[in-house]
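Trainee: At position 245 of the sequence shown the residue is numbered 245 (our numbering), and the sequence of numbers has no breaks.
Any given hint could turn out to be false.
Below 30 Å or equal to it, Euclidean Cα-Cα: the simulated DSS-like pairs (lysine-lysine) are [said to hold, decoys possible]: (1) K269 to K285; (2) K148 to K53; (3) K38 to K103; (4) K38 to K115; (5) K38 to K148; (6) K285 to K311; (7) K53 to K115; (8) K115 to K101; (9) K53 to K38; (10) K103 to K115.
Hints are computed from structural coordinates only; laboratory data are not their basis. Quick caveat, the model's predicted, so the values are computed rather than measured.
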Amino acid sequence: MSHFSNSSIDSSENILVVDDTPENLRLLMSVLTSEGYKIRPCNSGQRALETAKQNPPDLILLDILMPEMDGYEVCQRLKADDRTRDIPIIFLSALDEVFDKMKAFEMGGVDYITKPFQVSEAIARIRTQLTLRQQQKELQERNETLQKLNCELERSNQELEQFAYVVSHDLQQPLQGILGFAKILRLQYLDHLERDADRYVTRIIKAAERMQQLIGDVLNYARISTISQFVPIDCNSVVAEAIANLQLSISQTNARLIYQKLPTVLGDKTQLIQLFQNTIGNALKFSRPEVPPQIEISAEESDDRWLFCIKDNGIGIDPQDFDRIFTLFQRPDNRQIQGTGIGLATCKKIVDRHGGQIWVESQLGTGTALYFTLPRCAEN
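Modelling step: build the complete structure from the supplied sequences, incorporating the hints.
Mentor: Written out as structure tokens, the structure is:
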């Protein structure tokens, strides 16, 4: 009989050996102890259940044929208990016994050893299961740690969003005061201001208006976290409302919008209006000089979702910016076009909250196609 070296054995590993035959217990204890394992012997199924629950072992060697409670029942009870269900169980069976391998595996056994056994084979099977058990424990611990970190990250994100909402909301009132007084100063004292002073007041007004837009965008972004229950939403009415909100920009750019009948989706109407308003607004903002914007809105079925496309004939986006534009405060490298860098980040957050995906396809000078998916409604 050959033995494995016990130099790699983890001294903390302990094995519960269950057998009603004293000779078998003594033999297994002798062999396994010499291999460096800690052994706890039990001579009955009931005693094994009590011992395993009080102090769960790393592995159980379980004889099948025992009085009062056989190995199958012991295994079944262990697997039904949260404290012991993950302990690997190797069945022990004599060659002359009737051994139902299928039943052993169905009960939750991971392997079996026949008696009389070859020490090298038995140790190899035991070591394999202990290694798998250790890897399972490590994976479970990592998953628990990851889950905890995810919960902490989610909580931090919620706190950050709440902070952004509160700060942005509290900034609105003093900013409105600054903007209001600056406009009064320019209107009522225009004739009394020097040219430089008038220019400074104009800069104050523009800066305040830009700050006002930024605060509004931050508030919209922070509000996305609070979602009401999804309901069927007619995208035709959503797009119509988004277009109405953008009517001034549409008229100023002489834009043409094209869309056929759009589907009904499951979602939050307020957020979907924001989604279409931001994407259409982007197409208007990044149009080519002297070229009236043409914006096409379409949708097609894609598995259990609708795939929407907002296509324009604007200046396009450099491919190296495709991922960056969906990040907060990131904008295409075009300093001549005003923006807060929050619009597309808001779109991504809305689409994410609806369980969809968003991406862009574009080439500089030829226009942009922005795609996103939304959940289908059963009514479709």
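Trainee: Hint by hint, note whether the structure agrees.
Mentor: Verification of the supplied hints:
{"no.": "1", "hint": "K269 to K285", "result": "holds, 24 Å"}
{"no.": "2", "hint": "K148 to K53", "result": "holds, 27 Å"}
{"no.": "3", "hint": "K38 to K103", "result": "holds, 29 Å"}
{"no.": "4", "hint": "K38 to K115", "result": "holds, 21 Å"}
{"no.": "5", "hint": "K38 to K148", "result": "violated, 33 Å"}
{"no.": "6", "hint": "K285 to K311", "result": "holds, 13 Å"}
{"no.": "7", "hint": "K53 to K115", "result": "holds, 27 Å"}
{"no.": "8", "hint": "K115 to K101", "result": "holds, 15 Å"}
{"no.": "9", "hint": "K53 to K38", "result": "holds, 17 Å"}
{"no.": "10", "hint": "K103 to K115", "result": "holds, 18 Å"}
When the structure is compared with the earlier hints, a violation turns up for hint 5 alone.
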